[in-house]
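Q: Below, each chain spelled out in residue letters.
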Amino acid sequence: MDGLTLASPSAERRTYSPWRETWRRYRRHKLAVVGAFLLLALVAAVVLGPFLWRVAIDDIDFAATLQGPSLAHPFGTDDLGQDLLARMIYGGRISLAVGLAAMMVSVIVGTLIGALAGMSRGALGHALMWLTDLFLSLPQLPLLLLLIYLFRDGLKAVFGPEGGIFILVVLVIGGLRWMPVARLVRAQFLSLREKEFVEAARALGASQARQVIRHILPNALGPVIIAGTIDVAAAIIAESTLSFLGLGFPPDTPTWGRLLYDAKDYLDIAAHWALFPGGAIFIAVVSINFVGDGLRDALDARKVI
Amino acid sequence: MAPLLEIKGLKTHFATDDGIVRAVDGVDITIDKGETLGVVGESGCGKTVTAMSILKLIAMPPGRIVEGQIMFEGRDLVPLASREMDEVRAKQIGFIFQEPMTSLNPVLSIGEQIAESLRRHEGLSRNDALDRTVEMLKLVQIPNAGGRVHDYPHQFSGGMRQRVMIAIALACKPKLVIADEPTTALDVTIQAQILDLLQDMKERFGMAVMLITHAMGVVAETAQRVVVMYAGKVVEEAGVDSLFEDPRHPYTQGLIRSIPRIDLNGGQKIRLEAIGGSVPILINPPPGCRFAPRCRHAMSVCTVNEPVLREVAPGHRMACHLGATP
Amino acid sequence: MSQFLLRRLLIAVPSLLGISLVLFTVLALAPGDPFSELATNPNVPPEVGLALRAKFGLDDPIYLRYLHWLVAMAQGDWGFSFVSRMNVDSLILQRLPTTLFVIGSSQVLALLIAIPVGVYAATRPYSLFDQIANVLAFIGFSLPTFFTGILFILIFSIRLDWLPFVYTTDIHATGVHWLIEEVRQAIMPVMVLGLFQAASMTRFVRSAMLDVIRLDYVTAARAKGLGQARVIVRHAMRNAMIPVVTLIALQIPAVFGGAIVTEQIFRIPGIGSLLITSILSNDTPVVMAVTFVFACLVVLFNLIADVLYGWLDPRITLR
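Chains as they are written, first to last, in the numbering used here: chain V, 1 to 305; chain E, 1001 to 1326; chain D, 2001 to 2319.
Check each hint, because a few of them may be wrong.
Said to hold, decoys possible - Just the calculated beta-carbon pair ranges, DEER-fashion:
{"#": "1", "chain 1": "E", "residue 1": "R1126", "chain 2": "D", "residue 2": "W2178", "range": "38 to 46 Å"}
{"#": "2", "chain 1": "D", "residue 1": "V2013", "chain 2": "V", "residue 2": "A97", "range": "57 to 65 Å"}
{"#": "3", "chain 1": "V", "residue 1": "L221", "chain 2": "D", "residue 2": "L2070", "range": "38 to 46 Å"}
{"#": "4", "chain 1": "E", "residue 1": "D1128", "chain 2": "D", "residue 2": "I2316", "range": "29 to 37 Å"}
{"#": "5", "chain 1": "D", "residue 1": "L2112", "chain 2": "E", "residue 2": "E1135", "range": "36 to 44 Å"}
{"#": "6", "chain 1": "D", "residue 1": "D2216", "chain 2": "E", "residue 2": "E1084", "range": "23 to 31 Å"}
{"#": "7", "chain 1": "D", "residue 1": "D2216", "chain 2": "E", "residue 2": "E1311", "range": "36 to 44 Å"}
{"#": "8", "chain 1": "D", "residue 1": "D2216", "chain 2": "E", "residue 2": "R1083", "range": "20 to 28 Å"}
{"#": "9", "chain 1": "V", "residue 1": "V47", "chain 2": "D", "residue 2": "P2014", "range": "46 to 54 Å"}
{"#": "10", "chain 1": "E", "residue 1": "Q1193", "chain 2": "V", "residue 2": "R27", "range": "48 to 56 Å"}
{"#": "11", "chain 1": "E", "residue 1": "K1173", "chain 2": "D", "residue 2": "P2014", "range": "55 to 63 Å"}
{"#": "12", "chain 1": "E", "residue 1": "L1080", "chain 2": "V", "residue 2": "M104", "range": "54 to 62 Å"}
To be verified - From the derived model, a few chain V residues whose C-beta atoms are all more than 12 Å from chain D:
{"#": "13", "residue": "I167"}
{"#": "14", "residue": "L221"}
{"#": "15", "residue": "P223"}
{"#": "16", "residue": "G257"}
As the list claims (entries may be wrong) - Just some of the chain D residues that point at chain V, by a computed CB distance under 8 Å:
{"#": "17", "residue": "I2139"}
{"#": "18", "residue": "V2261"}
{"#": "19", "residue": "A2295"}
None of these hints come from the bench; they were simulated from the model.
For glycine and all other residues, C-beta sits at the position ideal for the given N, C-alpha and C.
With the hints as extra help, turn the sequences into a complete structure.
A: As structure tokens, this is what we get:
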């Protein structure tokens, strides 16, 4: 019986594919599941909302100003009698769109810079990292405000009031959040480019680009997804903050932050006007954060419960 | 004379996602005053878990001492609360850890890490503790002890750090010192120095030593009695001479045969014998002897009944279904 | 140690230069003439307008403009605010202490909450306390500061009338009454900022402690019979706080953002609200100067964090 190894019962487990395994681990995280559900509900509400609730966002009705929630106006009305539910659905679309677009900007820019820095072996890598560190120490909100202040009029002239602001806000928010992604991607590249399977691919004649795309990028995917998720939440907060300070979208665009800006002077008589949009921002952000946390636990292979 | 330490039927289990790992599953060990006991076995056989169980250093959420007694000077340590254990730790029983690189706190000076033990257990003042610390450092042969007492761990080499660990373990002059693989992480040349130092200290303080190692050679040199562990159980126990001259358990025989030696077979080179297979996973172990799958003498009864320790010669016990004669 | 300090200072200078370069580039790239307000505003005497154009060298080649601007900034000559009718540097100096006070107090509050809660949660992971603290933390950093501020005003000023929601710098009282009034008006903004910070800090402290608690030297400390409390505080925390310090420094830029919002809501006369009002009134010199001051503060706090890190971890300075 020399050389016979005992086959332990635990060696005969079913093997999961990586995606199923990730989902299985994600499911364990109760908060993350709740978050995913809330997020889906929110997205469904703003996407399908206008088809189900056909009230205009700018129907001024002086007879119904500052009313609390009622059957006619489930979220109440503002100081011009406009229906808040309709305005919130519209604003929700903008907020979510800004969040997603800004996230894509930061992920794309961050991945490009991180990949370049990770692949290079000389001055370029160092220069890019110095740039990343520099951007990391820039104060975000002041710079955001400064850039909006300086470029707002110019972009409005070219793309129209809403379009101009949208592009500006997305570019600026995304442009100030690419750094963590760049660092993550660069770290992945640094640790993987010397690994055996990449060496093997290189030995087999695979070009640089092929190596990058097929071998290295997929491994960086996990942390980037997590960073991207958090980015959406941060972008939504940034856009609402700008609107709340009166420096975001034009005054008649009812983003959630803008609604709060309008509502803040009527807190004593129409608290609902502030509570609904504020609550919506909170639910959006907290559900994204839960999802991000669940993803972090699910995708982090090192973690042992 | 009553033994200093008597472990009876110790079982320490760990709850994991895949099931309960029975790391130590019924272990009896006895150590007399002033005796050096060697505990040998492969990695994963439960030696370290046994040692850490004595001082309750196991992480108690996943780990648990499920059964057994640990009698130290006639008192059972198992039911003691943490606060009561603190009176035993370092003062009565010292512990030398395996990895000198990671077992010292990087932000405290080595002097601090020795002195805090002295201040806690002997109520010394800062200055007295410092003096005693410098004495200890000199004892463990750290050069320029007075000057280096305020240095930090990263400023010392591996061998020096292990000496510091020994100083920490011995500072309060405990009656028993558990040395968990004290030389495994060190260079071969340093290993010998550390073992000599341990021997030196033992002679000076007259303490008992529980020396845990997987190197049979170390045990042959330093221990008086030896316990061989496999898969969470004790499989053989004997005086060191008796064990090396007449190993009875097939596992022990395998261990001894796998020591590289040039004096066997008249100086001719022979193939080194390894024990085939690998250490079993300790979740839901199959019935019978745990060594059976790797044992060249396995019989049908071995996979059905678990053997118990029985005396095969004076002071020599082993757990195997093979007859008393080899 | 002093060598370490010196090295860190030397690194801070290029950071400042880099930031100043970014700010200047932004200004130069902006379409239109940000200083046009100065020329068209009737309040600005023409000599001052001309002098400003000359100082900023708006007709010089760009690298000269940058150097002029940089020198002016370094000397504290930040221009003139026609809106407030005073020099920008004195305007900022007047309002800076308030901002620093609010930020400082909120950070202290955040640490006072985050450290005990985070450490305790780490010693009992997955317990009820830990799970509740975790959920509360998530809620805490998902609530934007402007919403929390509004909620606080709604509850404490409007419904309960316990606290004033407008901040004044000259309280007409003396002694204990002055102190009480100061505290009363500062509680809400400090709590809004502080709780937000505490939420993310708690999670980080917990995770840093968990990483340290399972390390060998903590077990070795327990083996010395030092007692749970001493092991946690002297051995685990001392090491776990090192990455926490780094995190606090990295979060400082975000704290400034929160401070700006808080100052707006509670009408606190700090440099945050100054930034907003000067943007709304197109007072460019003030906008530039305040942004620059924020950037300098970030570099300063990073430097402080580096120094603290070096002080806490002997491996850094004694190499």
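Q: Now tell me, hint by hint, if it's right for this structure.
A: Right, here's what the structure says about each hint:
About 44 Å separates the C-beta atoms of E:R1126 and D:W2178, a value consistent with the hinted range of 38 to 46 Å. Range check, D:V2013 to V:A97: Cβ separation about 41 Å, and the 57 to 65 Å hint is violated. At about 42 Å, the CB distance of V:L221 to D:L2070 agrees with the hint of 38 to 46 Å. Between E:D1128 and D:I2316, the C-beta spacing of about 32 Å keeps the proposed range 29 to 37 Å intact.
Between D:L2112 and E:E1135, the C-beta spacing of about 42 Å keeps the proposed range 36 to 44 Å intact. Look at D:D2216 against E:E1084: about 24 Å separates their beta carbons, and that is inside 23 to 31 Å. Between D:D2216 and E:E1311 the beta carbon distance is about 39 Å. The supplied range of 36 to 44 Å therefore holds. The beta-carbon spacing between D:D2216 and E:R1083, approximately 23 Å, falls within the hinted interval of 20 to 28 Å.
In this structure, V:V47 and D:P2014 meet the distance hint of 46 to 54 Å, their C-beta atoms being roughly 48 Å apart. Range check, E:Q1193 to V:R27: Cβ separation about 55 Å, and the 48 to 56 Å hint holds. Checked against the given bound of 55 to 63 Å, the beta carbons of E:K1173 and D:P2014, roughly 57 Å apart, stay inside it. Taking 54 to 62 Å as the suggested C-beta distance range, the pair E:L1080 and V:M104 conforms, at roughly 60 Å.
For V:I167, the non-interface assignment is confirmed: its Cβ lies about 14 Å from the closest Cβ of chain D, beyond the 12 Å cut-off. The claim that V:L221 lies off the interface holds: its Cβ sits roughly 23 Å from the closest Cβ of chain D, which is beyond the 12 Å cut-off. The claim that V:P223 lies off the interface holds: its Cβ sits roughly 16 Å from the closest Cβ of chain D, which is beyond the 12 Å cut-off. Non-interface status of V:G257 relative to chain D is broken: a Cβ of that chain comes within 12 Å, the nearest being about 8 Å off.
Against a cut-off of 8 Å between C-beta atoms, the interface hint on D:I2139 holds, since the closest Cβ of chain V lies about 6 Å away. For D:V2261, the interface hint holds, since its Cβ comes within 8 Å of a Cβ in chain V; the closest pair sits about 6 Å apart. At its closest, the beta carbon of D:A2295 sits 6 Å from a beta carbon of chain V; the interface hint therefore holds under the 8 Å criterion.
In summary, the structure is inconsistent with hints 2 and 16 from the numbered list given earlier, while agreeing with the others.
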